[in-house]
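Residue numbers (the working numbering), protein chains in the order written: chain R, 1 to 340; chain H, 341 to 698.
FYI, nobody ran anything at the bench for these hints, they're computed from the structure.
All values derive from a computational prediction rather than experimental measurement.
One thing to keep in mind: the hints can contain errors.
What the hints assert, rightly or not - Pairs of lysine-lysine, DSS-like flavour, derived with a Cα cap of 27 Å:
{"no.": "1", "chain 1": "H", "residue 1": "Lys594", "chain 2": "R", "residue 2": "Lys5"}
{"no.": "2", "chain 1": "H", "residue 1": "Lys471", "chain 2": "H", "residue 2": "Lys454"}
{"no.": "3", "chain 1": "R", "residue 1": "Lys5", "chain 2": "H", "residue 2": "Lys475"}
{"no.": "4", "chain 1": "H", "residue 1": "Lys435", "chain 2": "H", "residue 2": "Lys471"}
{"no.": "5", "chain 1": "R", "residue 1": "Lys5", "chain 2": "H", "residue 2": "Lys471"}
{"no.": "6", "chain 1": "H", "residue 1": "Lys454", "chain 2": "R", "residue 2": "Lys5"}
{"no.": "7", "chain 1": "H", "residue 1": "Lys435", "chain 2": "H", "residue 2": "Lys454"}
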Amino acid sequence: MNLFKAELRRIARRRLTLVFGILLLAGVVGLAVILASISSKGPSEETLAEAQAQADEMNEQNPDYLDCVEDESYFEDNEMYGWVETDPEYEGMSHKEACEHAVGGWWAEDFIWTYTFDFENEGPFVIVGVMIVAGLVMMLLGSSAIGAEWSSGGMSNLMVWHPNRMRLWGVKLGAALAACAAGVVVLAALAFGLLVLVASLRGEVGVLDGVWWEDTLELVLRTGVLALGMTLLGASLAMLGRHTAIAGGVIAGYLIVGELIVNMVSMNLSMDFPERLSLYTWVGAWITGRVELYGAYSGFNDMTPEVMVITWGDAGVLLGAIVLLFGALATWSFQRRDAA
Amino acid sequence: MPPIIEISGLRKTYRRSFRQPHNALDGLDLEVAAGQVHGFLGPNGSGKTTTLRALLGLIRVDGGTMRIFGEEVPHRLPQVVGRIGAVVESPQFFKHFSGRLTLQLLAESAGIPKDRVESVLEQVGLRDAAKASVKGYSLGMRQRLAVAQALLKQPQLLILDEPANGLDPAGIHHMRELLQWLAHEQGVTVVVSSHLLSEVQQLCDSMTIVSRGRRIVDGSVADIIAGHSGASLSVRFPDAGSLPEAAEALTTAKAGVGAVVERDRLVVTNAPEAAWVTQTLAEAGIYLSELVTQTKNLESVFLELTGTAPQPGQTVQIGQSVAVPETASPIEVPVAVSPDAGPQAGSEAGSEAEEAQR
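Produce the complete structure using the sequences and hints provided.
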């Protein structure tokens, strides 16, 4: 426990932690400020009327629209627009509104240059975005906490004090994960609070019912686990390479060169669902819960494409296996290799 | 009392791709008695740091046994590490942390009370620099910080690799007094690896000299130096013309006695005693004006034993020290050997060993 507390304190007292902490906090506050500055509660009656007039003016230059407005049975008579009668989206609309949407092509919204931040629908994805950035930073901090110890010589010194290498590695990893978890939770909570504030002052909070909370917590929890996995991966790579730059290099190398190779391979191989070669696809499936990949059409007369579904469970198995593989390699390496 | 450190037949081979394997340790033996300052000496690349690193579990060895406080290491190292303070190689710390924070984190990790940090800072003379970040420390200050962290645990065994490295004369003096106080007043066993031989001679009670991963000699510092001194005599005459005649008289008087003319003096080796020289020369009608027993210092004994004495026009390369044959037992002390015999004997033995390996 003493060693764990000391390791947490070591991470907290590092200058890199301080710099990244300030940058992340400033980033979240900055994001809230930007959202607050571009969002508004909605257009005024006057703006709405002006926009409607502009849309009408544009639509009136369209003879089909004029025909539609004049003819109440336009949709019934015209085969091309027969679907309007059954489309639930058009249910409850006046005939003129239906003509605007289906035939005219110009709506009042097209001439309203305002944005309203909708927390209910947009908030969770902004929070997830903040958590992913925080996870990336924590991955860098985690790898640096191990890599800098090696490159500064501090690791050898620490090993003289704590010769049980497995215990030392476990504590270091535990401290890095604890710091990551604390950082991500604090940032997610801050983002949540600020976004609700922005929405209530300058946008719409929406209905945050039980279903919303369930879906959001699921999304946030999975993103949090992803951030922890990224920290574990970063620390493991730094342990394998014994330098922060090695971990950073491997990750950046994959993101740049690795993805390029994946794209080239997928373009030149006649394989189904080549997107499954990219880790981004699996990360996306893990966060959102489900990703559908569309392949070739299954038959000459069948216009339904083949679909591959990746669930968060599938993605969890693959991503977890990758993280565990590097974690196991790092453990083996630390146990076996000489401290140079 | 059993030795604090016992190492027997320690082997470590570094294997690298596309290169010849390098035997850093080739059956090294070492024993360190309790309550002493023990010097661990050897030329560059002779295996000193490798031995210390192996002892502290930083590297794996390929053979041999090591015991500290009677416990086999590195297997039982976690059980005894609380009694060991160590500095291996050049001290390196996180450069943005202050000296105090560096020590506080180590103390906290091992459950050592915080006030101990202040007392070791005082002990090594870093009290006033404790707040400054390590980045601004000189090599000597870092060395002091390293020693401070080794002292944090109030160890019963202190292992220091080049503790005087980078220290100013006052620092060296202070370090010497501190280590001697720890050993002789506090009963701490101190193992010091160093190249500052004059410092080792002043500081250490006993020592082990190694070469090419094997022990050449061990024993008390005084005995080792005494064992290699007094074997040669410097004789001067009122008339330098008497030198060849005197040399002839001495070498013919007794088999095995050597006499070499060096400028204006005669260096006599393997003489039974000084009186025999005066008597023999007097019998030959030659009268000397000065006879001095050549006293050696640790440096000359070290150079002689390790075969690393510089030769005119030649540079001693790393790894060119004496090779000790595998079966040879360490040189016992005290023993009077000819100054020339050590390295030559070792070289020959080494050549034989190499020959056998080929």
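TODO: Would you mind confirming whether the straight-line C-alpha gap from lysine 5 (chain R) to lysine 471 (chain H) stays at or under 27 Å?
DONE: 22 Å, holds
TODO: Measure nothing beyond the straight line between the CA atoms of lysine 471 (chain H) and lysine 454 (chain H); if it is 27 Å or shorter, mark the hint as holding.
DONE: This hinted pair holds, its Cα atoms lying about 15 Å apart.
Task: Proposed proximity, lysine 454 (chain H) with lysine 435 (chain H) (alpha carbon, max 27 Å) - done: 21 Å, holds
Open item on the list: Need the status of pair lysine 454 (chain H), lysine 5 (chain R): alpha-carbon distance at most 27 Å?
Closed with: It holds: about 14 Å lies between the C-alpha atoms, which stays within 27 Å.
Open item on the list: Would the hint linking lysine 5 (chain R) and lysine 475 (chain H) be met if the CA-CA limit is 27 Å?
Closed with: 24 Å, holds
Task: Pair hint outcome, lysine 435 (chain H) versus lysine 471 (chain H) [Cα-Cα no greater than 27 Å] - done: Answer holds: lysine 435 (chain H) to lysine 471 (chain H) is near 13 Å, not above 27 Å.
- [ ] Below or equal to 27 Å on CA atoms is what counts here, so check lysine 594 (chain H) against lysine 5 (chain R).
- [x] Violated, at about 75 Å.
Comparing the model with each numbered hint stated earlier shows that hint 1 is the single one that does not hold.
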